[in-house]
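Going down the list, the protein sequences come from chains A and B. If you count by the working numbering, then the first sequence holds residues 1 to 234, one letter each, in order. If you count by the working numbering, then the second sequence holds residues 235 to 349, one letter each, in order.
Keep in mind that the hints are not guaranteed to be accurate.
Stated by the list, open to error - With a cut-off of at most 25 Å between alpha-carbon atoms, the simulated BS3-like pairs for lysine-lysine come out as follows:
#, chain 1, residue 1, chain 2, residue 2
1, A, K109, B, K292
2, B, K319, A, K164
3, A, K113, B, K319
No lab work stands behind these hints, which were simulated from the structure alone. All of these numbers come straight from a predicted model, not from anything done at the bench.
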Amino acid sequence: MLVSVYRYNPEVDKTPYMQDVEVDIPAGKDLMVLDVLELMKAQDSSLSYRRSCREGVCGSDGLNMNGKNGLACITPMSAVVKKNKIVLRPLPGLPVIRDLVVDMSMFYKQYEKVKPFLINDKPAPAIERLQSPEEREKLDGLYECILCACCSTACPSFWWNPDKFLGPAASIQAYRFLADSRDTATDERLTDLDDPFSIFRCRGIMNCVSVCPKGLNPTRAIGHIRNMLLQRAT
Amino acid sequence: MVANITSLGRSGLYDWMVQRVTAVVLAAYILFLLGYFVATPDLSYADWNGLFACTAMKIFTLMALISLSAHAWVGMWTISTDYLKNSVVRFLFQGTCGGIMFVYFVWGIQILWGQ
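So here's chain A without its partners, still in its complex pose (with noise of 0.2 Å):
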């Protein structure tokens, strides 16, 4: 199996470049991807990547694997592999700090901006603030994010504008919030939306929904808020 891999050490490379190296994949097995860049790290220890639970849960190893995000853990090379061959690019659109490694700081940077912690005014109860099973419903399908950058590094807008656009990741993450009965801080919340950018640069292209290994869809969560910043409005 011919593997292309994006290589980048800034202290001995002037220019990243693709190295091609053939892994030998033991017979009648479906490795995942992440399984392929251990064997190859067996053969060259100075390949560098993100890696942790080994299984879908860290969100360390978000790649991009033949043009598609994904995550190298979960996802079986015969999903990826055309004409026996892979080609591994880290996340793009961020930074690369060395090989398959991404500078995330302005991801966080973006999730940091949508509070990501519930904001209530009210004094705690003794025990704890209850919620009806419907109201805990409606966070089904968003607090699932295991914020590994696959779907903000697969989007456009994010690309064009990092430092702006909340990107699909921290847009889904604020609408968890916004979405939540206990939260009592939704006007504040919708008002740091209310700009060209923050959450209205989303051009509803869907690249996210389609790249996202947990399922999630947050181009939906991005046309609630839309929804709540109209209502809140008119």
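Take the given structure of chain A and dock chain B to it, following the hints.
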């Protein structure tokens, strides 16, 4: 909130709403004109002149002109903030677009109410 002074309404929601409402007006205007062309196969200058002499048509055309200007401003502004990263170049581009839209708008009024 991201600060901005060159967008049409300075509010994301306002620009978004303006773009959608103006799109509906433009679609209605285009469909009306297409319908008129289909319903009037032997279109003469007198028919065309008569159509635009009607007050309702003047109102509709002016509404379409205003919609076109606002719609184009929101669209061109969005394109410029996506692709033009140098603020001087971006401002000049936005100024040029605004100028062209203003020319079209005044020219359109002149066509409607001029001699």
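Going down the list of hints, with the structure as the test:
no., hint, result
1, A/K109 with B/K292, "violated, 51 Å"
2, B/K319 with A/K164, "holds, 13 Å"
3, A/K113 with B/K319, "holds, 23 Å"
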